[in-house]
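Participant: Go ahead and model the full structure; you've got the sequences and the hints to work with.
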Amino acid sequence: MPLALVRLGETKLITACRVKDEMKKHLQDLGFVKGEKVEVLGENQSGMILLVKGVRIALNKGLASKIMVD
Amino acid sequence: MSINIALAGNPNSGKTTVFNEITGSKQHVGNWPGVTVDKKEGTYKKDRDVKVLDLPGTYSLSPYSAEEIIARDFIVNEKPDVVINIVDGTSIERNLYLTLQIIETQIPLVIAINMMDEVEAKGDTIDFNKLSEILGVLVVPIVARKAKGLNHLMEAAIETARNKKKPNNVQVFDKNIDSALLKVEQLLEDKSPDERRWKAIKLIEGDEVITNGLSDDTIKQVNIIVKEAEKEADGDTEAKIADLRYKYISKILKGIVKKSEKGHVSNKSDKLDKILTNRFLALPIFAMIMYLLFAATFSENFLLIKGLPSPGIWLAGLVEEGWGALTGGIESILSNAGASDWILSLVIDGVMEGIGAVAGFLPLVLVLFLLLSFLEDSGYMARVAFVMDRLFRHLGLSGKSFIPLLMGFGCSVPALMASRTLESDKDRKITMMITPFMSCGAKLPIYAMFAATLFAGSNKTIIVFSIYMLGLVIAIISALLLNKFAFKGETSNFIMELPQYRIPTGKSILIHGWDKVKGFAIKAGTIIFVSTVLIWLLSNFNFTGMVDMEDSFLASIGNAIKFIFAPLGFADWRASVGVVTGWIAKENIVATFGQLFGGIGDEATIEAISSGAQALPEIRDVFTQVSAYSYMAFNLLCMPCFAAVGAMKREMVSWKWTLKAISFQMVVAYIVALIINTLGNLIF
Numbered sequence: 001m002p003l004a005l006v007r008l009g010e011t012k013l014i015t016a017c018r019v020k021d022e023m024k025k026h027l028q029d030l031g032f033v034k035g036e037k038v039e040v041l042g043e044n045q046s047g048m049i050l051l052v053k054g055v056r057i058a059l060n061k062g063l064a065s066k067i068m069v070d
Numbered sequence: 001m002s003i004n005i006a007l008a009g010n011p012n013s014g015k016t017t018v019f020n021e022i023t024g025s026k027q028h029v030g031n032w033p034g035v036t037v038d039k040k041e042g043t044y045k046k047d048r049d050v051k052v053l054d055l056p057g058t059y060s061l062s063p064y065s066a067e068e069i070i071a072r073d074f075i076v077n078e079k080p081d082v083v084i085n086i087v088d089g090t091s092i093e094r095n096l097y098l099t100l101q102i103i104e105t106q107i108p109l110v111i112a113i114n115m116m117d118e119v120e121a122k123g124d125t126i127d128f129n130k131l132s133e134i135l136g137v138l139v140v141p142i143v144a145r146k147a148k149g150l151n152h153l154m155e156a157a158i159e160t161a162r163n164k165k166k167p168n169n170v171q172v173f174d175k176n177i178d179s180a181l182l183k184v185e186q187l188l189e190d191k192s193p194d195e196r197r198w199k200a201i202k203l204i205e206g207d208e209v210i211t212n213g214l215s216d217d218t219i220k221q222v223n224i225i226v227k228e229a230e231k232e233a234d235g236d237t238e239a240k241i242a243d244l245r246y247k248y249i250s251k252i253l254k255g256i257v258k259k260s261e262k263g264h265v266s267n268k269s270d271k272l273d274k275i276l277t278n279r280f281l282a283l284p285i286f287a288m289i290m291y292l293l294f295a296a297t298f299s300e301n302f303l304l305i306k307g308l309p310s311p312g313i314w315l316a317g318l319v320e321e322g323w324g325a326l327t328g329g330i331e332s333i334l335s336n337a338g339a340s341d342w343i344l345s346l347v348i349d350g351v352m353e354g355i356g357a358v359a360g361f362l363p364l365v366l367v368l369f370l371l372l373s374f375l376e377d378s379g380y381m382a383r384v385a386f387v388m389d390r391l392f393r394h395l396g397l398s399g400k401s402f403i404p405l406l407m408g409f410g411c412s413v414p415a416l417m418a419s420r421t422l423e424s425d426k427d428r429k430i431t432m433m434i435t436p437f438m439s440c441g442a443k444l445p446i447y448a449m450f451a452a453t454l455f456a457g458s459n460k461t462i463i464v465f466s467i468y469m470l471g472l473v474i475a476i477i478s479a480l481l482l483n484k485f486a487f488k489g490e491t492s493n494f495i496m497e498l499p500q501y502r503i504p505t506g507k508s509i510l511i512h513g514w515d516k517v518k519g520f521a522i523k524a525g526t527i528i529f530v531s532t533v534l535i536w537l538l539s540n541f542n543f544t545g546m547v548d549m550e551d552s553f554l555a556s557i558g559n560a561i562k563f564i565f566a567p568l569g570f571a572d573w574r575a576s577v578g579v580v581t582g583w584i585a586k587e588n589i590v591a592t593f594g595q596l597f598g599g600i601g602d603e604a605t606i607e608a609i610s611s612g613a614q615a616l617p618e619i620r621d622v623f624t625q626v627s628a629y630s631y632m633a634f635n636l637l638c639m640p641c642f643a644a645v646g647a648m649k650r651e652m653v654s655w656k657w658t659l660k661a662i663s664f665q666m667v668v669a670y671i672v673a674l675i676i677n678t679l680g681n682l683i684f
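As they're listed, the protein sequences go chains A and B. Just so we're aligned: the first sequence equals residues 1 to 70 in this note's numbering. Just so we're aligned: the second sequence equals residues 1 to 684 in this note's numbering.
The reader is advised that the hints may include incorrect statements.
[Said to hold, decoys possible] Cβ pair distances, simulated, as ranges: (1) A:Gly35 with B:Lys268: 29 to 37 angstroms; (2) A:Gly35 with B:Thr125: 37 to 45 angstroms; (3) A:Thr15 with B:Asp178: 22 to 30 angstroms; (4) A:Gly35 with B:Gln171: 34 to 42 angstroms; (5) A:Gly35 with B:Val653: 50 to 58 angstroms.
[As the list claims (entries may be wrong)] Once the Cα atoms are required to be at most 20 angstroms apart in a straight line, the calculated EDC-like pairs of lysine to aspartate or glutamate come out as: (6) B:Lys39 with B:Asp377; (7) A:Lys24 with B:Asp207; (8) A:Lys20 with B:Asp377; (9) B:Lys220 with B:Glu238; (10) B:Lys251 with A:Glu36; (11) A:Lys20 with B:Glu208; (12) A:Lys37 with B:Asp207; (13) A:Lys34 with B:Asp243; (14) A:Lys24 with B:Asp234; (15) A:Lys34 with B:Asp234; (16) B:Lys488 with A:Asp21.
These are calculated hints, taken from the structure and not from any lab test. Don't be surprised by glycine CBs; every beta carbon is placed ideally from N, CA and C.
Facilitator: If you want it as structure tokens, here you go:
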């Protein structure tokens with residue numbers, strides 16, 4: 001399911017990043033790789049705050065809906 | 001022997017703090033050619049033969065952003081004697097991803113594990129010796145904020161540079177990728193062995209910049225190898241390589257990092273984020289902080305106490321007073337020495353006033369940037385950008401555009417400089433083009449003059465307020481239009497690391513703020529100075545020599561160009577001259593009008609007109625209510641003062657783009673004033 005639907009406080013595993021080349025590369029550089037754990041730390045109108053590899057990352061809803069988790 | 005050291009590391013890893021600590025005051029901040037990315041160079045404070053360069057903060061050496069291209073080109077092409085990689089010990093796993101890529105270039109390397117105090121506070125331990133052994137590089141624990149471990153770090157760096165010690169050739173990849181790498185390396189025989197390996201990895205990652213440097217034939221062969229390798233890499237070698245790097249890091253860290261608790265423990269930053277990025281609280285809190293920031297810089301009635309100047313205004317007053325005294329002193333020395341009138345006028349009205357215009361801005365710029373540096377270094381600015389993103393996305397801009405636009409209501413100069421924090425080139429340019437539409441403090445006297453003279457009565461406040469709103473509305477429309485027609489590409493997604501909240505050190509804020517002010521004073525200062533002297537020449541001379549402004553070149557120019565303004569409702573040479581003198585500083589329009597319309601030369605009367613306390617009835621001969629409104633709108637929107645143009649040039653790093661922005665503002669000003677004048681005359 002898309003990361004955007006994950007509820008606050010839940011931890012999921014990344015299965016795919018359905019974005020274009022450059023953004024995909026950047027996501028990888030930030031630790032968004034297949035099988036990586038991602039925890040939803042916060043949520044607001046702009047998007048979500050995630051915890052990936054021990055680092056807080058904020059992203060907008062649009063991008064969060066293109067990252068698939070399980 | 002001189003040694004060149006480059007600092008590399010993730011954003012927020014404390015790289016700049018390390019740089020400031022090891023170079024002390026001996027540093028130089030410039031720009032990398034052609035981009036607005038700071039280039040900081042300095043020398044080691046304990047050994048002047050050691051040069052230190054602070055590379056931009058990057059997550060990777062792939063060409064995702066200008067910063068990453070700069071960092072990798074420097075490491076690969078300029079080959080520093082040693083790279084110091086600053087690693088945030090609290091997120092060592094993610095930070096080592098960049099480290100592995102630096103190791104791939106086989107440049108001599110030293111790793112500094114920063115923020116060790118926070119690691120220890122959590123009860124975690126890191127086995128530096130083991131990490132050092134595996135990677136074949138020296139590893140030094142440091143606490144940059146407290147200047148701990150830096151001597152040891154520099155000793156390690158100098159030793160590594162002297163020995164030219166390369167890192168271990170670590171085995172990160174699997175059989176499939178390794179065999180593909182070997183095949184690609186064979187195609188690159190003309191390159192040196194280290195370069196071959198690095199380029200081969202980049203080619204399999206599908207790096208376009210490296211691919212473009214090859215012959216068509218080689219590209220074809222590389223593509224075949226990559227296609228072959230993809231079969232065993234789930235169809236994506238690039239993702240596979242990233243995955244293998246992270247797997248390798250996890251594997252080696254298992255025996256190196258010992259955590260006291262499993263999983264993520266909610267800490268101070270999480271608690272603050274619950275409030276500061278909260279769905280309902282985030283915006284009100286932000287509005288309050290911005291109000292304080294703004295008030296501390298520009299307010300004449302700080303904290304709502306009447307007559308209490310803010311630190312910014314207070315400092316600006318001091319500088320102005322000092323400058324006035326200095327000018328007076330020079331004036332009396334010159335006249336005592338028997339200097340001719342024109343020399344006196346050149347020095348006092350031209351040179352001193354020109355430099356004074358710059359000097360008067362500096363305290364405001366300084367205070368604003370010190371406060372902004374505080375917010376930035378504390379980690380709050382990253383949250384602001386995130387919280388504002390939703391709103392600005394509707395305009396096709398990023399949340400990070402908010403700060404410059406808000407600051408534009410105070411002064412365009414620091415506002416334009418603040419646009420530097422936007423990474424997207426498109427967002428930065430659009431933001432800079434519309435920032436001057438936010439009515440700055442210097443434009444208020446113009447409105448006050450017209451309001452007192454032509455709109456006397458109860459609607460004065462509404463007139464002034466409506467001009468501010470007009471600027472805002474035009475800025476929003478411009479952003480939408482520029483996004484739709486002038487710039488390609490959709491609005492980029494928002495993704496940003498939110499660093500831990502930290503109380504910034506006074507030293508880092510001062511260095512941060514001082515850099516900005518120095519840069520402004522030098523670059524914008526030159527442009528302001530030259531233009532002020534030029535306008536002085538034009539307004540005091542004609543072919544016969546020195547004359548009054550009525551007979552000067554500027555008056556002739558005013559007469560020659562006034563027809564342009566006829567459709568806007570003010571075809572008068574004095575009004576045209578006002579537009580021109582407004583480019584030195586917008587509040588100059590009042591002084592120009594006072595002199596040209598009323599023959600008023602004394603400061604006190606001009607002050608009274610500027611504050612709206614006194615009217616200037618003579619302008620009623622030329623202006624109606626409608627044409628006055630059109631004139632105000634035109635001066636609000638047309639080219640900002642030279643100081644702002646100087647700042648714009650500095651931030652855009654291109655005369656072409658600066659001219660494009662000015663032209664855009666001129667056209668917008670003309671169209672808006674034309675509409676106001678035409679519609680206004682139909683209605684009233």
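Participant: Flag every earlier hint the structure violates by its number, smallest first.
Facilitator: 2, 4, 5, 8 and 12
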